[in-house]
Amino acid sequence: MFHAKLEAKTWKKIINALASIIEEVSIEVTPEGIQFTAMDPSHISMVDFRMGKEHFEEYELTEETSLGLDVDENRKIVNRSKPDDILTMDADENRITLTFQQRDGETVRKFGLPLIDVIGGEKYKVPHLDTTAKIRLPSHVFDDAIKDAYIISDSIMFRAESDVFLVKAEGDSGSIETEIKEWLEYEVTEQSQSTYNLSYLTDVAKSVEDEVTIDLGNDMPLKLTFTLDHAEILFILAPRVERE
Amino acid sequence: MFHAKLEAKTWKKIINALASIIEEVSIEVTPEGIQFTAMDPSHISMVDFRMGKEHFEEYELTEETSLGLDVDENRKIVNRSKPDDILTMDADENRITLTFQQRDGETVRKFGLPLIDVIGGEKYKVPHLDTTAKIRLPSHVFDDAIKDAYIISDSIMFRAESDVFLVKAEGDSGSIETEIKEWLEYEVTEQSQSTYNLSYLTDVAKSVEDEVTIDLGNDMPLKLTFTLDHAEILFILAPRVERE
Amino acid sequence: MFHAKLEAKTWKKIINALASIIEEVSIEVTPEGIQFTAMDPSHISMVDFRMGKEHFEEYELTEETSLGLDVDENRKIVNRSKPDDILTMDADENRITLTFQQRDGETVRKFGLPLIDVIGGEKYKVPHLDTTAKIRLPSHVFDDAIKDAYIISDSIMFRAESDVFLVKAEGDSGSIETEIKEWLEYEVTEQSQSTYNLSYLTDVAKSVEDEVTIDLGNDMPLKLTFTLDHAEILFILAPRVERE
Numbered sequence: 001m002f003h004a005k006l007e008a009k010t011w012k013k014i015i016n017a018l019a020s021i022i023e024e025v026s027i028e029v030t031p032e033g034i035q036f037t038a039m040d041p042s043h044i045s046m047v048d049f050r051m052g053k054e055h056f057e058e059y060e061l062t063e064e065t066s067l068g069l070d071v072d073e074n075r076k077i078v079n080r081s082k083p084d085d086i087l088t089m090d091a092d093e094n095r096i097t098l099t100f101q102q103r104d105g106e107t108v109r110k111f112g113l114p115l116i117d118v119i120g121g122e123k124y125k126v127p128h129l130d131t132t133a134k135i136r137l138p139s140h141v142f143d144d145a146i147k148d149a150y151i152i153s154d155s156i157m158f159r160a161e162s163d164v165f166l167v168k169a170e171g172d173s174g175s176i177e178t179e180i181k182e183w184l185e186y187e188v189t190e191q192s193q194s195t196y197n198l199s200y201l202t203d204v205a206k207s208v209e210d211e212v213t214i215d216l217g218n219d220m221p222l223k224l225t226f227t228l229d230h231a232e233i234l235f236i237l238a239p240r241v242e243r244e
Numbered sequence: 001m002f003h004a005k006l007e008a009k010t011w012k013k014i015i016n017a018l019a020s021i022i023e024e025v026s027i028e029v030t031p032e033g034i035q036f037t038a039m040d041p042s043h044i045s046m047v048d049f050r051m052g053k054e055h056f057e058e059y060e061l062t063e064e065t066s067l068g069l070d071v072d073e074n075r076k077i078v079n080r081s082k083p084d085d086i087l088t089m090d091a092d093e094n095r096i097t098l099t100f101q102q103r104d105g106e107t108v109r110k111f112g113l114p115l116i117d118v119i120g121g122e123k124y125k126v127p128h129l130d131t132t133a134k135i136r137l138p139s140h141v142f143d144d145a146i147k148d149a150y151i152i153s154d155s156i157m158f159r160a161e162s163d164v165f166l167v168k169a170e171g172d173s174g175s176i177e178t179e180i181k182e183w184l185e186y187e188v189t190e191q192s193q194s195t196y197n198l199s200y201l202t203d204v205a206k207s208v209e210d211e212v213t214i215d216l217g218n219d220m221p222l223k224l225t226f227t228l229d230h231a232e233i234l235f236i237l238a239p240r241v242e243r244e
Numbered sequence: 001m002f003h004a005k006l007e008a009k010t011w012k013k014i015i016n017a018l019a020s021i022i023e024e025v026s027i028e029v030t031p032e033g034i035q036f037t038a039m040d041p042s043h044i045s046m047v048d049f050r051m052g053k054e055h056f057e058e059y060e061l062t063e064e065t066s067l068g069l070d071v072d073e074n075r076k077i078v079n080r081s082k083p084d085d086i087l088t089m090d091a092d093e094n095r096i097t098l099t100f101q102q103r104d105g106e107t108v109r110k111f112g113l114p115l116i117d118v119i120g121g122e123k124y125k126v127p128h129l130d131t132t133a134k135i136r137l138p139s140h141v142f143d144d145a146i147k148d149a150y151i152i153s154d155s156i157m158f159r160a161e162s163d164v165f166l167v168k169a170e171g172d173s174g175s176i177e178t179e180i181k182e183w184l185e186y187e188v189t190e191q192s193q194s195t196y197n198l199s200y201l202t203d204v205a206k207s208v209e210d211e212v213t214i215d216l217g218n219d220m221p222l223k224l225t226f227t228l229d230h231a232e233i234l235f236i237l238a239p240r241v242e243r244e
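Chains as they are written, first to last, in the working numbering: chain A, 1 to 244; chain B, 1 to 244; chain C, 1 to 244.
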């Protein structure tokens with residue numbers, strides 16, 4: 001048995017962010033909070049999610065369990081919530097119930113969904129990456145660079161030089177190069193450059209709020225870290241290695 | 001000959017509401033006002049519409065007549081009106097002219113449309129229904145319950161209990177149950193429960209303004225009553241009888 | 001070599017207006033400013049564009065040249081600009097670079113596009129037209145008349161009478177007649193009437209700002225003149241001659 005209560009808009013934000021990356025997820029429920037680590041079907045990207053129990057208004061469980069969710073079905077439901085709804089989640093072995101209610105309201109809207117068996121639900125471990133540059137950016141700067149690249153190409157190159165963060169894309173119809181200096185934090189151990197598939201990044205960039213931290217190396221996976229309300233999200237993307 | 005004048009936004013609202021329910025309509029024009037009773041082609045829903053002459057700024061007729069309208073063509077035209085336009089309608093035997101003009105404006109926009117012969121334009125009579133519950137709700141409460149159900153199922157169950165109005169839907173991917181207590185009026189003679197096709201209701205719910213009155217019985221047609229500005233609209237929907 | 005600087009929103013407006021009329025354009029760059037005259041592939045409409053160097057913040061060229069632009073690719077790029085971005089354009093023989101930067105910003109976004117060879121890039125000359133009526137209208141009055149006609153027909157008739165400007169359209173499903181008297185200027189030498197293809201006009205009407213000047217004759221090409229910020233645009237459309 002799992003019972004939790006939080007602002008519906010927080011859960012809506014989280015589920016919508018996940019829906020752009022993964023289709024199914026098996027969330028682990030522990031006494032400390034909820035979490036999962038998942039990979040996309042092609043094993044090119046990994047997402048790690050954690051939200052501590054202290055960020056829920058109510059949080060109770062009888063034993064550790066996991067909740068298999070069809071992310072898109074959950075998205076349809078949370079998107080029916082009102083901005084100031086309170087969401088109560090109750091799960092047993094087979095089913096999750098999402099109840100929306102205004103704080104002072106008498107109308108109770110109770111959605112039920114079956115829990116699912118998540119295929120390929122192996123446990124993944126977040127790899128350690130010896131990245132050589134860390135850049136913290138306002139989210140709109142990151143999002144603009146991704147969107148600029150998207151109209152030009154299907155891949156994007158990041159390069160952290162000593163005094164400028166470069167984002168480049170090249171396509172049949174043109175090129176784009178953005179020189180970014182509006183960082184919140186910038187640490188470069190050595191010049192670092194890698195190229196990535198753009199479609200994974202556009203989906204993630206939509207969800208980033210406030211700020212995002214980028215960890216970059218040379219032809220290494222990209223690590224993006226950001227928070228959605230109090231949930232911590234880590235996104236790792238394999239580099240696209242150019243054939244010579 | 002029929003001549004009438006009213007605010008364009010009132011007629012726009014009415015025609016858009018009708019367009020979601022019926023394709024053609026034969027409006028009866030009498031000295032008391034305009035009205036019609038129509039059924040959808042599958043004879044599952046009935047709509048009755050009345051608007052008294054006192055709600056027009058000008059209203060003149062030489063004899064009782066009926067106006068056969070292609071609702072969608074009329075919708076395209078009224079949707080070209082401006083929020084503060086005055087609409088003048090003039091009809092002869094074959095044609096209706098819709099003239100839009102700002103109250104203080106010099107530009108006159110005059111649309112002409114042929115009147116049509118409405119197929120199957122028999123006269124219908126609104127049936128008397130021995131319903132056992134009457135619930136008056138704010139329109140947003142009704143609309144939310146319909147939209148919640150729509151993401152889950154293609155049918156919806158209403159149940160009026162002594163102290164709560166329940167709306168339920170069940171589908172392959174989940175279920176929804178809404179407990180409504182935010183009524184404006186609630187009279188239950190006996191517990192009343194019926195199930196309806198949802199697609200008819202979603203179309204109507206879009207048009208409901210301010211409040212709606214629901215008359216419900218046991219496995220009986222549903223009766224919805226609401227007004228659009230000063231037009232009175234009554235919508236009756238046959239129940240879906242579950243096969244055992 | 002060509003270098004110019006102006007507000008990105010001005011160029012965005014111009015490129016979006018052009019994109020609705022033509023696909024490719026060869027812009028002539030002279031010491032006085034930029035300009036071109038182009039026809040659509042079916043030679044039914046002509047557009048003439050001019051923008052003096054005094055309307056640029058910076059404007060430098062080493063010799064007269066022409067810039068062959070894929071209008072749609074340029075549109076995608078300018079639409080990525082922010083409302084208060086400054087746009088710097090730099091062109092050499094093969095390539096144009098569009099650089100966006102906030103006035104006080106450190107982030108530099110540099111888009112590169114190949115210049116193209118414009119097929120059929122003959123030089124056109126704007127014809128002299130002996131029109132017999134000149135009507136200057138607020139753009140919303142013109143735009144409304146075009147949109148009203150569009151829901152009825154694929155052609156539109158303009159008639160300038162001594163004291164009223166009439167716009168008419170007739171289709172299978174109805175008719176529209178607009179009597180316009182809200183002009184800013186109205187000079188009619190003789191009653192003038194012509195009919196035009198509506199699809200060309202709807203595309204142009206979208207782009208018209210503030211006001212538009214219409215020059216009309218009897219079964220003659222239509223001439224529309226308007227400005228976008230400081231660019232002067234002239235649009236000429238061949239009449240549709242009705243078969244008897």
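It is worth saying that the hints were derived from the structure and are not from the lab. Hints may be right or wrong, so weigh each one.
Treat identical chains as interchangeable: a pair holds within one or across any two.
Unchecked claim - Pairs of lysine-lysine, PhoX-like flavour, derived with a Cα cap of 20 angstroms:
(1) K123 with K147
(2) K110 with K53
(3) K147 with K12
(4) K82 with K12
(5) K123 with K9
(6) K206 with K5
(7) K123 with K110
(8) K53 with K134
(9) K76 with K147
(10) K181 with K125
(11) K181 with K12
(12) K12 with K76
(13) K125 with K13
(14) K9 with K147
(15) K110 with K147
(16) K82 with K134
(17) K147 with K82
(18) K110 with K181
(19) K53 with K181
(20) K181 with K82
(21) K76 with K53
Going down the list of hints, with the structure as the test:
1. K123 with K147: Cα proximity of K123 and K147: none, with 33 angstroms in one copy and 37 angstroms across.
2. K110 with K53: neither (23 angstroms within a copy, 45 angstroms between copies)
3. K147 with K12: Close across copies (17 angstroms), not inside one copy (24 angstroms); limit 20 angstroms.
4. K82 with K12: within (10 angstroms within a copy, 29 angstroms between copies)
5. K123 with K9: Neither. Shortest intra-copy (29 angstroms) and inter-copy (50 angstroms) distances fail the 20 angstroms Cα cut-off.
6. K206 with K5: So K206 and K5 fail the 20 angstroms test inside a copy (26 angstroms) and across (31 angstroms) alike.
7. K123 with K110: neither (31 angstroms within a copy, 43 angstroms between copies)
8. K53 with K134: So K53 and K134 fail the 20 angstroms test inside a copy (29 angstroms) and across (45 angstroms) alike.
9. K76 with K147: between (26 angstroms within a copy, 11 angstroms between copies)
10. K181 with K125: Neither, since 33 angstroms and 48 angstroms both go past 20 angstroms.
11. K181 with K12: This pair counts as neither: shortest intra-copy Cα distance 33 angstroms, inter-copy 25 angstroms.
12. K12 with K76: This pair counts as within: shortest intra-copy Cα distance 10 angstroms, inter-copy 31 angstroms.
13. K125 with K13: Answer is neither: 25 angstroms inside a copy and 50 angstroms across each miss the 20 angstroms cutoff.
14. K9 with K147: between (26 angstroms within a copy, 18 angstroms between copies)
15. K110 with K147: between (38 angstroms within a copy, 13 angstroms between copies)
16. K82 with K134: Neither: 38 angstroms inside a copy, 27 angstroms across copies.
17. K147 with K82: between (29 angstroms within a copy, 13 angstroms between copies)
18. K110 with K181: Between. Shortest inter-copy distance 14 angstroms satisfies the 20 angstroms Cα cut-off; intra-copy 48 angstroms does not.
19. K53 with K181: Neither way: K53 and K181 sit 37 angstroms apart in one copy and 32 angstroms across, limit 20 angstroms.
20. K181 with K82: Classified as between: cross-chain Cα gap 17 angstroms, same-chain 38 angstroms, threshold 20 angstroms.
21. K76 with K53: neither (25 angstroms within a copy, 45 angstroms between copies)
When held up to the earlier numbered hints, the structure conflicts with 1, 2, 5, 6, 7, 8, 10, 11, 13, 16, 19 and 21 and fits the remainder.
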